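**Student:** From first to last, the protein sequence lines stand for chains A and B. Residues 1 to 121 (the working numbering) make up the first sequence, in order. Residues 1001 to 1386 (the working numbering) make up the second sequence, in order.
Hints are computed from structural coordinates only; laboratory data are not their basis. Heads up, a few of these hints could be off.
As the list claims (entries may be wrong) - Straight-line C-alpha distance at most 30 Å; calculated DSS-like pairs for lysine-lysine:
| no. | chain 1 | residue 1 | chain 2 | residue 2 |
| --- | --- | --- | --- | --- |
| 1 | A | LYS98 | A | LYS13 |
| 2 | B | LYS1231 | A | LYS100 |
| 3 | B | LYS1094 | B | LYS1231 |
| 4 | A | LYS80 | B | LYS1367 |
| 5 | B | LYS1179 | B | LYS1288 |
| 6 | A | LYS98 | B | LYS1367 |
| 7 | B | LYS1367 | A | LYS49 |
These numbers were taken from a predicted model, which means no experiment stands behind them.
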Amino acid sequence: MTVKYTEDHEWLKIEGDVATVGITVHAQDALGDVVFVDLPAVGTTFAQKETAGVVESVKAAADVYMPVSGEVTAINEALKDDPSLANSDPMGAGWFFKIKLSDPSQLDALMDETRYTAFAA
Amino acid sequence: MSDSSTSSAAPDTLLKTPLHALHVELGARMVPFAGYSMPVQYPAGLMAEHHHTRQAAGLFDVSHMGQLRLVGADAAAALESLIPVDVIDLPAGKQRYGLLLNDEGGIIDDLMFFNRDYAHGGDLFVIVNGACKVGDIAHIQAKIGARCEVIPMPEMALLALQGPQAVTALQRLAPGVEKLVFMTGGRFTVAGCDCFLTRSGYTGEDGFEISVHASQADVLARALLAQPEVKPIGLGARNSLRLEAGLCLYGNDIDTTTTPVEASLNWAMQKVRRTGGARAGGFPGADKILAQLADPATLARKRVGLVALERVPVRDHTELQSTDGAKIGEVTSGLLGPTINQPVAMGYVKPEFAALGTRVNAIVRGKAVPMEVAAMPFVATRYYRG
């Protein structure tokens, strides 16, 4: 399994042609306590960089961008019920949605963990 | 009071409060605010800080706010010429909320003033918003500087200790403060520091605001933080606390385009300054404001509280619509209230939509979020009235 990162502080775990997407430890730390998420509808198709959802803390709201083009195949219902999962386990139970990739070559331009760590520092 | 204006100045041009080093030592995230580098939150985070203030006691640095003294036997009458508030009849030892107005009745700033026996050699002690203080002091000096001495106090820091256990913590250091009731105050020695403190604040909780010389602020803050009830609280939680308490943020909820009547601050204008009162009028914009009080139907808009009926935060500048889709106003402050655990907001609507229980829609990312006009405060206030 490969993990990639975007400049918008999102991560993707890639398994075959499906990527699970969430926000990074750095992103949840910058936002503070997450109190609300708006997730896309399953079955919706997005182009890369389109706004697919929203994550909000008490203090701030941030758009969630689609890191690569594709169709939403699942959303994290548990995160809607308990948005604090984005803080307590951002890389695990706090995942946002899964997408079926329409252009896997877009992954090549994304950062690996080493590059992202330097980027977010 | 608190204010929303943030400075666009580069970090190295930001002013620092006397507690800056302490904030950094405590791990605060510092942000530009009203021209100062201020702590928006500490490592505990906004939510924990908010809850701690409601459950125990929180210490806030509000040294960016402006403190000044009005000295002279005519000080109260002079201040009355600038605000639609009863200053003359405020007894020595008491504090009151006031609104500095322009000639159109718009709000230049909101403020607190305390009668430190100005009639017998003391002063009126005034606290204004940090982002407004330079303009306020110039305005006050220009308008009433010939009638009383206007003395800015940039040498003073201001701390707020807020929460149900604030009195427990403070009385350990300054026995006697527990006898004060809401909106009274006096001079106390706290941890060896000479302080002027009032039993008031801007969180809806019981608590104190403490004016202390900048040179003693660090000692005082550390002594307060050493109390088991007390944790440091940033501006982020200060904002969520004040909004739940239904209190206005200058620059968001009130500004020079809003009158006190539009802002639903009628309670701040005592009868003696209204039509039929012994000292009716005589403040800037009096004709307009007294007319609005006489006939609320003339208002173009009115500030209301709003609670969302779905769990979607509704933020500043969100458009408000009637249920049939007409624009009726705008949200001026909004967030998910950590204590009420619901999205709450305040905003302005056309008067026919201001009645409690009125259903409106907030347009969030193109979708209508149903809201209901609700009474404020959203969380019951717990001021100590004796």
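**Student:** Broken hints, numbered, in rising order?
**Tutor:** The structure breaks hints 2 and 5; every other hint is satisfied.
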